[in-house]
Amino acid sequence: MNATVKPSQLIKGATGDWEIVIGLEVHAQVTSNSKLFSGASTEFGGEPNSHVSLVDAAMPGMLPVINEACIRQAVRTGLGLKAQINLRSVFDRKNYFYPDLPQGYQISQYKSPIVGEGEVIVDLDSGDSITVGIERLHLEQDAGKLLHDQHATMSFVDLNRSGVALMEIVSKPDMRTSEQAKAYVAKLRSILRYLGTCDGDMEKGSLRADVNVSVRKPGGPLGTRCEIKNVNSIRFIGQAIEYEARRQIGILEDGGPIDQETRLFDAVKGETRSMRSKEEAHDYRYFPDPDLLPLEFSQAYVDALKAELPELPDAKKARFIRDFALSPDDAGVLVSERESADFYEAVLGKLANAARDGKLAANWVINELFGRLNKDGHGIAASPVSAAQLAAIVDLIGDATISGKIAKDLFEIVWQEGGDPRALVETRGMKQVTDLGAIEKVVDDIIAVNPDKAAQVRDKPAMIGWFVGQVMKSSGGKANPQAVNDILKSKLGL
Amino acid sequence: MTDLTSLTLAEARDGLVQKTFTALELTDAHLAAIEAARVLNAFVLETPEQARGMARAADAKLASGEGGPLAGLPLGIKDLFATKGVRTTACSKILDDFTPPYESTVSAQLWRDGAVMLGKLNNDEFAMGSSNETSCFGPVVNPWRRDGSDAKLVPGGSSGGSASAVAAGLCLGATATDTGGSIRQPAAFTGTVGIKPTYGRCSRWGIVAFASSLDQAGPIARTVRDSAILLRSMAGHDPKDTTSVDRPVPDYEAAIGRSVKGMKIGIPKEYRLDGMPPEIEKLWTDGADWLKAAGAELVEVSLPHTKYALPAYYIVAPAEASSNLARYDGVRYGARVNGRNITEMYENTRAQGFGAEVRRRIMIGTYVLSAGYYDAYYLRAQKVRTLIKRDFEECFAKGVSAILTPATPSAAFGIGEKGGADPVEMYLNDIFTVTVNMAGLPGIAVPGGKDAQGLPLGLQLIGRPFDEETLFSLGEVIEQTAGRFSPAKWWA
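Protein sequence lines correspond, in order, to chains A and B. Quick note: the first sequence uses the working numbering, first residue 1, plus one each step. Quick note: the second sequence uses the working numbering, first residue 1, plus one each step.
Don't read these hints as lab results, they were simulated from the structure. Don't be surprised by glycine CBs; every beta carbon is placed ideally from N, CA and C. Some hints could be false.
In the SDA-like style, the derived pairs of lysine to any residue whose C-alpha atoms are separated by at most 25 angstroms in a straight line are [stated by the list, open to error]: (1) K278/A / P310/A; (2) K278/A / D375/B; (3) K145/A / R340/B; (4) K383/B / R88/A; (5) K172/A / G127/A; (6) K111/A / K383/B; (7) K278/A / N341/B; (8) K282/B / K240/B; (9) K145/A / I342/B; (10) K383/B / L293/A; (11) K383/B / L295/A; (12) K478/A / F411/A; (13) K111/A / L387/B; (14) K359/A / P384/A; (15) K94/A / M363/B; (16) K383/B / F411/A; (17) K278/A / E347/B; (18) K240/B / Y286/A; (19) K383/B / Q470/A; (20) K94/A / D113/B; (21) K383/B / L87/A; (22) K383/B / Y284/A; (23) K383/B / P384/A; (24) K240/B / R208/A; (25) K278/A / D113/B; (26) K389/B / R88/A; (27) K278/A / T343/B; (28) K240/B / T31/A.
Which bits of chain A does chain B cover? Going by a derived footprint, with three or more residues having C-beta under 8 angstroms, they are [as the list claims (entries may be wrong)]: (29) 88-97; (30) 102-110; (31) 338-349; (32) 368-379.
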């Protein structure tokens, strides 16, 4: 990405421009019913210690058994990231003491991860796109949780999360701005949600990121990096990068060194704080877990999963552009969230003539529906207008039963009151008038009472707009605008 | 009636089926023997009520002809096996009075087949030791004494309680575990038979882990036949242990008496140590002669990497142990010694909860896995392990059916006699046995003679992976010739 750094992506310091280099380690909770190495439930929000097996509590003599469902999800995710799938991988123990880690080690993958290099194409608001390399994806166990507010002098431990499967997705240091990093996480989250391998719920901690930030003079050697741990919202990721980059630039410009260290992001103060230095870093004493054999599966297993992979955002976007002539921007908006794309596709499925009205439907989903949802603060799941209802409205426009203007009124009625749009058009007399005779009569009447304007229009053809307005007004907006135009032109001799 | 505690397990089984005596009588006889032998310190927990309950249940089943293969046979269980509702400590203070709400797969299979639990047997703390002197319950005493001496001897370890109890007639058989020789060395020291099956033959689920890639459960019994009967019940695939192997368990007892004619028996030249005591030399030659007399063919074989086995073992085993024992942190179960903060609590708990040998191995293991040392120690040890394995594979590829070696470099030694200043002195006990764990092979120890002071000595047979049957056939040939070994009863 070095070659494409633009001046606008640099930060101006007292000593000149600085370039930020960002890499992310995203921890994504695997969507599965049970934990990575035990049969305990992964359900969120249970009573403390209600989803804990003997294995999760590290009772003496307990042994881990790999949950195949989690392996499947990791492979599917790897495929979604267009990554190398390793047919043989190894689980290692990462050893350290902490009360939320019952075994005294986390089972993870160190030297031989299940997924190798891949890539994610990230679209930016500017219309540009960048490719962020994926270094690896590995499976590991989540830890439990300490509760410090239950007792005056003691901390309590909740092991419900202990042993839940996480995918750690490590990017290459390919991002240069906080915007790129945020867009990357958003895109990665979208891919995971399309795949159904992670619910992406950052509020519940299902997706969180360790952010590696360093700065350097443009094109210079990489600087010393700091790792900001466990940032749990896309907005915070952006804030943490901005703060951290400026902190590092400040130190460097004052002639100081950057200490390689682990930092925390304080969302309240919007700043990063030192957590531990390199010297204090744990020696994790990784070694292959002797309780687990190396994980091996066949290429046929991978191929079968690949064949059943759902369509992912990039492919869907390309298809929308190709089949329905959507603009890249519109297609991008529709595919960015799986739910939006699903809704749009549901509308397409209900349309009488999707090939003709697909683009019109996209406009309606993006402009009318999303606009209205935003205004009312609803998510798409809570939309009062269903895909079938929206498709019916688009159909009515497409087959010239109503005009676009009337359609907006109809949409508002459906939003407020519900009902079958086609029936509403009938019962409320909203049908567009395409009866040429009726329109001709209105046109004749208007020309008759405005002879002066009819004379002027021959010299100033643009005045036809005034006649169109009059006709539409007198038809209550229901006259077919195209027919009105045609008839006016012939009657006025244009 | 004959003394029920002097029967073999097979004899007792037949007596029960023929209704010569009841399971309750058999169990009571053993409970009485245990009570009279407390000076041996073999049992760390006696469970007489449970035993009688299980014996009555076995009698009911035997009466209706529904008794399993082990119906009514009283056994002892090494305290490394989790027993549901019965205190399980691995003979470490750190587990305190931990009482598991689960049963190990191996012991559960014994109960499934009708066996009766007499109690929990002493062992070296977390199975780390070769003399049963590291147990937090104190050392186990070997029922054997040197001729004309009343010095207390060790029964070997780590399964010292199992070996001592079986040799002294306190139980008909016992469960044991073997990480570097912990079944075979104590069996050799007590004149009993012990088999460490192929790695993966028995489930490790519910057995307190020492070194996961080496640990394997097996029986200690008074005869080869008895050990075959017990192993059949203990072995088998367990979906809860992914290192256990899914292949059928043969009827091991059927291998007893099978001809060994024409079998090639390897005699590894590297096991002939400098300064090997003449009585060990003689034991080995005798064993070879007996097998030859039974029709086997003796061939000299080479296992060139043998000399690296012990040092490599003392890297791999402590490395795994240092990680396996991290869970004993005072947070969830077992002993806790509080401190001013969490780190101090860990330090206090683990410093006071673990004994000296366990602490030593945790420190060795932590060191060899540390950044900068991993490649030089752990990784190299694993490479040595691969070479040791290959030595055996090449040997078996030449048509060798089994390998004969001494089980230990000496007979039982005195309590407090070894390893005080130099732990390596103790570690050398495992010189003939660790290779087998490193290669994951089955190995059986069978008594083959006595030393000059009248103490039993054991021979070891090493087999091909999952060919325990050949070991039973060959072991029985040795047993038939050498005879059985029983200590003179001095303790009651």
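Subject >> Stated coverage of the region 368-379 of chain A by chain B [criterion: 3+ residues, CB within 8 angstroms] >> reply: It is violated, with 0 qualifying residues against the three required.
Original post:
Is it true that the CA of K389/B sits at most 25 angstroms from the CA of R88/A?
Top reply: holds, 22 angstroms
Original post:
Has the given pair, K383/B with L295/A, been kept, meaning a C-alpha gap of at most 25 angstroms?
Top reply: holds, 20 angstroms
Subject >> K240/B paired with Y286/A [C-alpha distance capped at 25 angstroms] >> reply: holds, 24 angstroms
**OP:** Mind checking the alpha carbons of K278/A and P310/A for me, to see if they're no more than 25 angstroms apart?
**Re:** violated, 43 angstroms
Original post:
Are the Cα positions of K94/A and D113/B separated by 25 angstroms at most?
Top reply: violated, 40 angstroms
Subject >> 25 angstroms limit on alpha-carbon distance, applied to hinted pair K383/B and R88/A >> reply: Holds. K383/B to R88/A sits at ~20 angstroms (cutoff 25 angstroms).
Original post:
Keeping to a limit of 25 angstroms between CA atoms, is the pair of K278/A and T343/B held or broken?
Top reply: Judged against 25 angstroms, a Cα distance of about 20 angstroms means the pair holds.
Subject >> Given hint T31/A paired with K240/B - CA-CA distance at most 25 angstroms >> reply: holds, 23 angstroms
Original post:
Quick one, are K383/B and P384/A close enough, alpha carbons at most 25 angstroms?
Top reply: violated, 66 angstroms
Original post:
Holds or violated: K145/A with I342/B, Cα cutoff 25 angstroms?
Top reply: At roughly 15 angstroms apart (the allowed maximum being 25 angstroms), I342/B and K145/A satisfy the hint.
Original post:
Do the alpha carbons of K383/B and F411/A lie within 25 angstroms of each other, as the hint requires?
Top reply: It is violated: about 73 angstroms lies between the C-alpha atoms, which goes past 25 angstroms.
Checked against the numbered hints given earlier, this structure breaks hints 1, 8, 16, 19, 20, 23, 24, 25, 31, 32; the rest are met.
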